[in-house]
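Chemist: For reference, the chains in residue letters:
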Amino acid sequence: MSLRKIFTYYTVAFLAVTVLIGLAEKFFGLPNKWIGWIFMALSLGIYVVIGIVTRTSDADQYYVAGRNVPAIYNGMATGSDWMSAASFISMAGALSAQGYAGLAYVMGWTGGYLLLAVLLGPYLRQFGAYTIPDFLGARYGGNAARIIGVVAAITCSFTYLIAQVTGVGLIVSRFIGLDFNIGVFVGLIGVLFCSVLGGMKSVTWTQVAQYIILITSYLVPVVYLCWTTFGIPVPQLMYGRLLQSNGVKAVEITRDPQEKATRALWKAEADDATAKSKAPGISVEEKDKLVAKAKAAAVQAKAPASGPSDDALKANYLTVPKGVGMWNFLALTFCLMVGTAGLPHILTRYYTTPSVRQARTSVGWSLFFIFLLYFTAPAYAAFARFIVYTKLVGSKMTELPAWIHLWKPAGLFDVVDKAGDGVVQFADFVVKSTDFVVLATPEIAGLPFVITGLVMAGGLAAALSTADGLLLTIANAISHDLYYNVINRNASLMKRLMITKVLLVVTALIAASVATFRLAIIVELVAWAFSLAAGAFFPALVLGIWWKRANKVGAVTGMLVGFLTTVFYMVGSRFYGLSWFGTTTIASGVFGIPLGFLTIWVVSLMTDAPPKEIQDLVTSVRYPKSGQAITTAPDITGRGAAAH
Amino acid sequence: MTDEKRAEYWRYNLRLTIVLLAIWFVVTFLISSLWAGSLNAYSFLGFPLGYYMAAQGSLAIFVVEIVVYAKLMNAKDLEFGIREGDE
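Protein chains in written order, with the working numbering: chain S, 98 to 741; chain R, 96 to 182.
Please keep in mind that the hints were generated in silico from the structure rather than gathered at the bench.
Incorrect hints may have been included.
Stated by the list, open to error - Some, not all, of what chain R presents toward chain S, calculated at C-beta under 10 Å:
1) 119
2) 122
3) 124
4) 133
5) 145
6) 177
What the hints assert, rightly or not - Below, simulated EDC-like cross-link-like pairs (lysine to aspartate or glutamate); rule was C-alpha separation at most 16 Å, straight line:
7) S:529 / S:621
8) S:598 / S:155
9) S:390 / S:369
10) S:722 / R:179
11) S:722 / R:174
12) S:392 / S:366
The C-beta atom is built at its ideal place from N, Cα and C for all residues, glycine as well.
Here chain R stands alone, though its shape is the one from the complex (with noise of 0.2 Å):
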């Protein structure tokens, strides 16, 4: 792999992993948490909305998040040639 080539596929990671992170910042700390509170007005599916996210939504969200990395960066692997040749 070229440089060029490393260089763009760190690139492609680092924006990844700080989508995803800013992603998890927000579901935990703000909607699941700091604006809980205030979310707690709204029902769904019976639940207050603002303890529905820190019980289940949040966890749903996180669940999806690794599945979606996982799946772009192994995919970024083969686009760059560096996939492993196991399975």
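The shape of chain S in the complex, shown without the other chains (with noise of 0.2 Å):
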């Protein structure tokens, strides 16, 4: 059967089953605790059957899919292993809390795949290695730069691989109503099936699988609420007048004698807190306990939007920051751009095509299918302000629905009735994550539970698939890099495929143990990672393919700086305060990126050119088809064809 045919195939089934599920709640009242375990089983069950069917132990399918992953299916692929917790759950959140400051997520997170198109995608397919480091090691010459770029790797893959692993947590422990911890350890079975059996074959065809439930599940949700609230169902076009809307609720709001009166006594609670916190002879953790309680009351204490006239007020979510605030959108979106282009989970996809060719149009597949997702993400944060405005906010406490209390435990979110009045309003309204805004504005609006069930399904999807990826990508960094080219060239292919396993299953439960401590939010975690991947990886990358001149000696010391840069600015500005131009921590790549170009630059002209061999390599990944291809898989004809 053609593979087309196959996904055909699973999506109308995936959708009959959804309505299904719906028509069981309609008619015969199916308990929501019983629908989110149907997803879950359905939805784990189908990534380990795709697991056991695509089983390999040979190393060109274990590695890199066998290479005949058609262009199409590599974008499908691409986009789930990008779209991670971050791009499902905790964007359309950012969106909503910061307004516009919030957009450098959708741009940074699309406008790297130009730079990945254009700069590195096809070069590497051209090089046709297996993983990233390997193309360092050749490159660059010897072990020196292999190394650095398996430390960089497992670094940022891992940092990644703790905010997915937290997401899994996060939706099964609200779900099903597993604990926390438990819940992570759950998810894992269905990722370790399918990297343990099959490597990149089985985890690019679950991928795609997980694509088409991910986009799904972002997409019905909001175009049922445009549909229900416009009569068109094309939020993406819709929410512009979702946007003027929503800035004259918020002057309503803000202006309302309740609203005021409930801000009031939070201001109280915060200045009481401050106070007490202030009191001689208060123990340490005491002291903590009370600023922390007074941080939290400010926020409350804050008008949902703050300007001294009307218009500036409606205008507020929608104004763009100025000088440190466009410093820092500017570094962002720089930050995450070039973050994206120097991944190793996402460049080693495109060594999983069957030619320079199809690299190139994957990547144009790739980010298409993101598009999908990020330019309904603006949308999505537009209608879940819409919601808490209108459904939320002047509702009787008392006929609050259930679930309400099922999302406490969660900690995301809580409703207090400060002022005691019996009606919520926004400043009752208590935010500790605005990771609840795509898992729980469904249940908020009243949308049946059914769609609630396939949100999770499409959260599980999203952050499963890029653990997947990012697990893959550290256990070959060791197994491969580390274990047979350095430390043991004569690893037969069945031991190091058994240490990958292990490995595997080891990254997983210390992911798993890690993410328990609950760090820190979702997005920060992985802006970080987008970071330390952008100071270490870009620039050698970059300037391995377009400038022959770059040397062993400086791309070596060209990563370290690059990578120390961010490491330090990062690890400075979190717990020491340390603050150069006002830089927040999530954009401490835009410190590192141009240091690691620079010192390469520098380094290489200090020291000899590159021998003529290196030379001679760096001229045949410029042109496809120059006898180069270091490992192409000699039946791709065949394959490729077949696969259509």
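Take each chain as given, in its own frame, and dock them per the hints.
Modeler: What follows is the structure in structure tokens.
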């Protein structure tokens, strides 16, 4: 059966099951918990089945899916490899809270694909290795660059992985009612099945399946909301109007006397806690607690939008930041873009296409599939805001639906009747993490629970697909690059694959245990990974392809400088109050990237030009079919054609 | 392929890359960021223009740019006789 047929049947079946569950809910009152279980069991089941069907122990299949993934499917797989818990769960929330400033994520996480398409993708495919450190090792001769590549790949992939695992725990704990820590481990079973059994081959086809689930589940609720609100099911076009009416609503709420009274109570609580925290003879713990309490209350005391005039209030959400705000917007956008083009788990996806030509086309498909979700996210954010303003604010405290209480243990938000008047004010809505937006909006809007179940399956697919790609990158970096290429060149294929599989399990377990500490919000963790990848990889990869004169010493020092500068600023600004130009922690890469480029340039020029073989290698990656292609699968033609 | 042909192919690629990156830079850092404040005075499909460009416009331009790049370079490969014989 052709791939197109398989995935068409699969999509239709998935939609049919969703509709069936919806009907069962409407007519037989299928309980919410069951719906959650069914969606989770179904989606994990699909991934496990794909893992078993596509199991393999052939090196080419295991590392690069046999290099015969057609451009469009590689695009879908990249889409779901790429769109993580951060894109799916967190991004709309960040947009909803930050307004214009949040758009740095939307632009940053898409624009990087242009850099990838024109600067790296096709050339890496022409080079044709298994991993990114492979390329660094060959281009910059010897193990130094390869080892730094391994360390950087592990660091940024692991940071990113923790965020995914946290997302899995969040989803499972809320919808299935399992404990967060158990939820994390349940989700991991689905990931491990694919990566352990069939490496890149299984992961690729699972990711295609996951893409279909995640995009459907992202679009359905917001299309449904748009349809019920405006009678036209195209949220991407309609939310311009919503932005206007949200502005009007924000003014109304800010000026409302009840709202003002509630905010005054929060302000009093904040002041009280601050005063108490300054009392003499208070213990450090007590003080920290009071300061945190004061901070949280101060957030609630702040007006939803602040400005002197009604016009300023209305436009607040859309206001473009100035000064330091604009600098941080530019810096974050830049880091996310460059990071996108430097993340090893994404770059390796372009090793799996049959040719340079398909690698180019595939980047186009990747961005198109990502675009579908990203240009919907700001609409999702606007609808979420609209729903909170219209459905939640002003409703009776006693009539709040049961799900509010179900959400409490997840710790994302809370509704407290501060003024004790029995009515929910905007300031009564305590947001602890904006991650609630995508997951809880369908419920706040009063949509059937089947849609919430669908969103859960989508969030799970987003987190698991990315986790798959990351786990494989980490395991391959250690087993292929470190063990096989540096330590033991004589290791048999069986032994290498065995090590990979053990590493997959071990890494997954470590990530799960770290995730139970709930370190930071998902978006922030992910942004760190981007800055790390951007600082360490991007300059060495780009100059390796575009500048023949770049040599080993330059690349090694440049990678170290780029990586360490980023880490230095990240740790310094997060924990020790370091601040260069007021740059936020998440945009740390903005210093590492240019310094990395500069170092490679200066140091390379100060030392000898690379040997002729290396310069010839650079020439060969610039021309398709130039006979370089280190490892090209022999019968691409037949398999590529059969795939269509 | 002769050296001359190689150089020609690479020059074409360089020029295309530079043009695409220049558009990328202007769209991202000028139109959708630094100039967005003034563009917000104009309205597009009910959106303030600056916001629209950052939320949707720039994304659509990125997609088009990559598609154009793939089409032009794939055609160039054929012209220079270095297209791979897959598919």
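Chemist: Which numbered hints turn out to be false for this structure?
Modeler: Structure breaks no hint.
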